[in-house]
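For the record, the sequence lines run as chains A and B. My numbering puts the first residue of the first sequence at 9, with every later residue one more than the last. My numbering puts the first residue of the second sequence at 9, with every later residue one more than the last.
Mixed in with the good hints, there may be bad ones.
Facing chain B, a subset of chain A residues (Cβ under 8 angstroms, in silico) [to be verified]:
{"no.": "1", "residue": "25"}
{"no.": "2", "residue": "43"}
{"no.": "3", "residue": "58"}
{"no.": "4", "residue": "59"}
{"no.": "5", "residue": "69"}
{"no.": "6", "residue": "108"}
{"no.": "7", "residue": "109"}
{"no.": "8", "residue": "136"}
{"no.": "9", "residue": "140"}
Counterexamples of contact, computed for chain B against chain A with all Cβ distances above 12 angstroms [to be verified]:
{"no.": "10", "residue": "17"}
{"no.": "11", "residue": "22"}
{"no.": "12", "residue": "35"}
{"no.": "13", "residue": "42"}
{"no.": "14", "residue": "49"}
{"no.": "15", "residue": "53"}
{"no.": "16", "residue": "56"}
{"no.": "17", "residue": "59"}
{"no.": "18", "residue": "75"}
{"no.": "19", "residue": "89"}
{"no.": "20", "residue": "112"}
{"no.": "21", "residue": "129"}
Simulated from the structure, these hints should not be mistaken for lab results. Just so it is clear, CB atoms sit at the ideal spot from N, CA and C, and this is done for glycine as well.
Each chain, letter by letter, is given below.
2 protein chains.
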Amino acid sequence: MRDGTAFQDHYAETYAQCYGCGRLNAHGLHIRSRWEGDETVCTFVPRPEHTAIPGYVYGGLIASLIDCHSTGTAAAAAQRAKGGAPGTAEMPRFVTGSLHVDYLRPTPLGPVLEIRGVVKEIKGRKVVVSSTLSADGLVCARGEVVAVEIPEGFGGVGAG
Amino acid sequence: MRDGTAFQDHYAETYAQCYGCGRLNAHGLHIRSRWEGDETVCTFVPRPEHTAIPGYVYGGLIASLIDCHSTGTAAAAAQRAKGGAPGTAEMPRFVTGSLHVDYLRPTPLGPVLEIRGVVKEIKGRKVVVSSTLSADGLVCARGEVVAVEIPEGFGGVGAG
Chain A
9 MRDGTAFQDH
19 YAETYAQCYG
29 CGRLNAHGLH
39 IRSRWEGDET
49 VCTFVPRPEH
59 TAIPGYVYGG
69 LIASLIDCHS
79 TGTAAAAAQR
89 AKGGAPGTAE
99 MPRFVTGSLH
109 VDYLRPTPLG
119 PVLEIRGVVK
129 EIKGRKVVVS
139 STLSADGLVC
149 ARGEVVAVEI
159 PEGFGGVGAG
Chain B
9 MRDGTAFQDH
19 YAETYAQCYG
29 CGRLNAHGLH
39 IRSRWEGDET
49 VCTFVPRPEH
59 TAIPGYVYGG
69 LIASLIDCHS
79 TGTAAAAAQR
89 AKGGAPGTAE
99 MPRFVTGSLH
109 VDYLRPTPLG
119 PVLEIRGVVK
129 EIKGRKVVVS
139 STLSADGLVC
149 ARGEVVAVEI
159 PEGFGGVGAG
């Protein structure tokens, strides 16, 4: 789906293959993120196989959701900082320099998960994003991502 | 596959459903880990769809590999600390309290990935595991996991 409502709808085609958030990855998770005031929001319903212990969501999926939502948030924040908005131009593309997740409580498998991001810092090509992941209104995990804008002639930096 | 050579072969059935490392998850990654001296090793070949930017491995998969290999390492280390060995009894089961990954360089998509774990600390029900992920002999990511043994009557702690 590319209806223009998500940050990831505006990634250049080359950068839209990501397993987590690429609209062009047929087997991927299709994570989609948008602004809600100064926060960013993404909702996601895990598949039945995304289990950890029966009844609970797999931690690697939680890390993936926080990762892609945060790099998307970084891209949108960088665009907004330059006075742009999603849809007005192609989004920049950020990769993950580092990812940290604290699993605060088991995440129930079934309910819609909501991931909310807040930009903590923009410094040159680096954006730090703090995110929470909630189920049924309860925060189950908290993450922090240091995202780095892909340089021209990509190759030398971390590719999360 | 459950030939007894991997830690995950010895998880109790209830705990073998994990998307990352459960032998009973039909759609999962089937991450398998074993001892090599005092280190633990896991090898994994990503699927073509596990892409980030074309040609490079998805960071969420890298986080998943480090996560499950580290919780497996924690379980094996706890068993070894008690004088047991994989196959002699059912493995304990650890979940993720926290996960940190530093993406040091892009991980090429294609080569076999090797994840190596080292136990940094065992303290009560908590085990800290440090892991590296390499491709073609080059370390591409470094991770640290705080793993927590599942208590009787599981429910109150983080379920990664």
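Hints, verified against the model:
Satisfaction of the interface hint for residue 25/A is found here, the shortest Cβ-Cβ separation to chain B being roughly 5 angstroms, below the 8 angstroms cut-off. With a cut of 8 angstroms, the hint placing residue 43/A at the interface with chain B is violated, because the nearest CB-to-CB distance is about 23 angstroms. With 8 angstroms as the threshold, the beta carbon of residue 58/A comes within range of chain B, its nearest partner Cβ sitting at about 5 angstroms, so the hint holds. For residue 59/A, the suggested interface contact is upheld, since its CB lies about 5 angstroms from the closest CB of chain B, less than 8 angstroms.
Contact between residue 69/A and chain B, as hinted, is supported at the beta carbon level, the nearest pair being about 7 angstroms apart and thus within 8 angstroms. A cut of 8 angstroms between beta carbons decides the hint on residue 108/A: the least distance to chain B is about 5 angstroms, and the hint holds. The interface hint given for residue 109/A is met, as the beta carbon of that residue sits about 5 angstroms from the closest beta carbon of chain B, less than 8 angstroms. The beta carbon of residue 136/A comes no nearer than 14 angstroms to any beta carbon in chain B, farther than 8 angstroms, and the hint placing it at the interface is violated.
A hinted interface residue such as residue 140/A counts as satisfied when its beta carbon comes closer than 8 angstroms to some beta carbon of chain B; here the least separation is about 14 angstroms, so the hint is violated. Residue 17/B, annotated as away from the interface, keeps every beta carbon of chain A farther than 12 angstroms; the closest lies near 18 angstroms. For residue 22/B, the requirement that its beta carbon stay farther than 12 angstroms from each beta carbon of chain A is not met, with the minimum near 7 angstroms. Chain A draws residue 35/B into its interface by the beta-carbon criterion, the shortest separation being 4 angstroms against a cut-off of 12 angstroms.
Here residue 42/B stays apart from chain A, with its beta-carbon at least about 20 angstroms from theirs, past the 12 angstroms limit. Distance check for residue 49/B against chain A: the nearest CB is about 19 angstroms away, which clears 12 angstroms, and the non-interface claim stands. With 12 angstroms as the threshold on Cβ separation, the claim that residue 53/B sits away from chain A holds: the shortest Cβ distance comes to roughly 15 angstroms. Not every C-beta of chain A lies more than 12 angstroms from that of residue 56/B, the closest at about 9 angstroms, which undercuts listing it as non-interface.
Chain A draws residue 59/B into its interface by the beta-carbon criterion, the shortest separation being 5 angstroms against a cut-off of 12 angstroms. Consistency note on residue 75/B: stated as away from chain A, yet its beta-carbon is not over 12 angstroms from all of that chain's, at 5 angstroms minimum. Residue placement check: residue 89/B keeps its beta carbon more than 12 angstroms from all beta carbons of chain A (closest about 23 angstroms). Consistency note on residue 112/B: stated as away from chain A, yet its beta-carbon is not over 12 angstroms from all of that chain's, at 6 angstroms minimum.
Against chain A, the non-interface label of residue 129/B holds: every CB pair exceeds 12 angstroms, the least being about 18 angstroms.
Figure legend: structure checked against the earlier numbered hints; hints not met, in rising order: 2, 8, 9, 11, 12, 16, 17, 18 and 20.
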